[in-house]
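Chain B: place on chain A using the hints.
There are 2 protein chains.
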Amino acid sequence: MCSLPVPQEPLRRVAVTGGTHGNEMSGVYLVRQWLRTPVDLQRPSFSAVPVLANPAATAVCRRYIGRDLNRTFTSTFLTSKATPDELYEVTRARELNHLLGPKNSSQAFDFILDLHNTTANMGTCFILNVTDTFAMHLCHYLQLQNSEPPSRVLVIEASEDTTFSVDSVAKHGMTVELGPQPQGVLRADLFSRMRSLVASVLDFIELFNQGAAFPAFEMEVYKFLGCMDFPRSEDGDLAGMVHPQLQDQDFEPVQPGAPIFQLFSGEDMLYEGDSTMYPLFINEAAYYEKNIAFMKSKKLTVSIPALPVLTPNPTPLT
Amino acid sequence: MCSLPVPQEPLRRVAVTGGTHGNEMSGVYLVRQWLRTPVDLQRPSFSAVPVLANPAATAVCRRYIGRDLNRTFTSTFLTSKATPDELYEVTRARELNHLLGPKNSSQAFDFILDLHNTTANMGTCFILNVTDTFAMHLCHYLQLQNSEPPSRVLVIEASEDTTFSVDSVAKHGMTVELGPQPQGVLRADLFSRMRSLVASVLDFIELFNQGAAFPAFEMEVYKFLGCMDFPRSEDGDLAGMVHPQLQDQDFEPVQPGAPIFQLFSGEDMLYEGDSTMYPLFINEAAYYEKNIAFMKSKKLTVSIPALPVLTPNPTPLT
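Chains A and B, in that order, give the protein sequences. Start counting the first sequence at 30; every next residue gets the next number (our numbering). Start counting the second sequence at 30; every next residue gets the next number (our numbering).
In isolation and in its complexed conformation, chain A is listed as follows (with noise of 0.2 Å):
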């Protein structure tokens, strides 16, 4: 895998996307509040855009409403002949497609934030594709800037031809999770969280822009390494639930040996690894249809080289 072209230009175009999930209520109201106040999502050289990504199933408080949005994303959904009979959501993924790329084009946007929610007790979690070394720079700032709760960050490996999510529509992109909130609660606490976090990812795009020196660092990050499913009867229906001592230890070590599962006749089922592993996303609602209980990672520590110097646009003179 090779890494993502660093920006060698100021990034102008930037769009903030909620709602991707109709029932993560951070990002929808957020995004409802832009579209109101757009002047909160500028700085002095661009203004990001804000977009309600899936308006058909915010409407009606679902996550979606024919297949998840943030899975649709792909060159197989994005490049095939539109039909009359197609899930929304494929549709929908083709209209940001064209509004924010096309995906690995030219002209694509130069970044996207996504913001979402989580029903696991995941705290401020960045998620994104650990080659793209401005985002992980962004989170770098942003873990400086907010270091209290911490923040996580979450890389995936993908290439470019296998990313599905609606940031992967940019040239540059992450998406924030936050939690624990339920799917259709707005809670104050993380809204205020959100939006303050935004404020910063706009704040280090802007320094980016005007031409701040980005230094190489080392960071400690979670790398993805799979997804684990609830234990299960013959007929697939739950035989059990994530342990009481698992639940709501998302980025906590477990060693093998360790219960994960309660299963509904008693008996404790242990984690089979063979080393320690970290786990994400533990119970999450919208992920029992993907048979997910919860994520597997493994923590280590990354070399980030130093981002290029822009060299500062001057000011206009008026």
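Think of the hints as simulated: they come from the structure by calculation, not from any bench. In this text, all values refer to a predicted model and were calculated from it rather than measured experimentally. Take these hints with a grain of salt, some might be off.
No copy is singled out in the list; a pair is fine if it fits within one copy or between any two copies.
What the hints assert, rightly or not - Each computed DMTMM-like pair below joins lysine to aspartate or glutamate, with the alpha-carbon atoms no more than 25 Å apart:
1. K325 / E247
2. K319 / D218
3. K328 / D258
4. K325 / D218
5. K110 / D264
6. K328 / E189
For chain B alone, coordinates are given in the frame of chain A:
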């Protein structure tokens, strides 16, 4: 309002309903377990029947398909003529009334326990009609059996004509609410707590059936006063959120002048009542569509008379 008559005979016909709301998972999975292993609901003098109340909504993990089933057990719905195009839950309410009622008849079940979850920080809460002396004794027993964490009692004053919930179909009944749990999530801790509570409910009925004495007592209860909507803009959209100082503070006193909402504009909205109020179901996900940000209650002490002691049935000779 007159009191419900207390039982003069052992309670033989008892039902435990779960999945009345299809995305409240503790009751859904407990009922599924009991349908496989009914022995857990057996006691010497009776066997409780497990009922999955809204199987269609449960199958798609939504609160309801057409309308809220737990608001559909009024005389109007139950006695109106069936039509081919009526909403699923109206048909299902009639089916359940046929199975467990008819409501307000001598053929109705003796007791229905209806199992619910809430996204609000309600802990363990029993909801019942204050005139149901038998159910009030049951709550008192449950509080003594399960003192940690504390369980609270929410009483509603409603006449037989205006009750609308599943448990109102039986001669006596009660709703159990456990929270916080997001919709669509099964937490092992709440699952275990609910299973233990149901066992205690059945134990209480067994004790009553066997002729145990339940003397008069006094009890602290929260009496339902009404609902408070979110602040809204002229077009009906949310204009703010539950205030961070109110979030998760269910059952804690709110004084006049205390902040209850935080507007998106940044302003606080204060409580304008003229006396101490106890908020319940704060920021419950399912109540956004009902225009309820929280319920208001007052705390008071009620005196409950003794239950008449039944003459124990002789153990049948074998």
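Cross-check of the supplied hints:
For a Cα distance limit of 25 Å, the shortest separation of K325 from E247 inside one copy, 22 Å, qualifies, whereas the shortest one across copies, 52 Å, does not. Within a single copy, K319 and D218 get their C-alpha atoms only as close as 29 Å, which misses the 25 Å cut-off; across copies the closest is 23 Å, which meets it. Taking identical chains as interchangeable, the C-alpha atoms of K328 and D258 lie at most 25 Å apart only when both belong to the same chain, with a minimum of 21 Å there against 45 Å between chains. When the C-alpha separation of K325 and D218 is checked against a cutoff of 25 Å, the pair qualifies only between copies, where the shortest distance is 22 Å, while the shortest distance within a copy is 28 Å.
Within a single copy, K110 and D264 get their C-alpha atoms no closer than 37 Å, and across copies no closer than 39 Å, so neither meets the 25 Å cut-off. For the homomeric pair K328 and E189, the shortest alpha-carbon distance inside one copy (24 Å) is at most 25 Å, but the shortest distance between copies (60 Å) is not.
Checked against the numbered hints given earlier, this structure breaks only hint 5.
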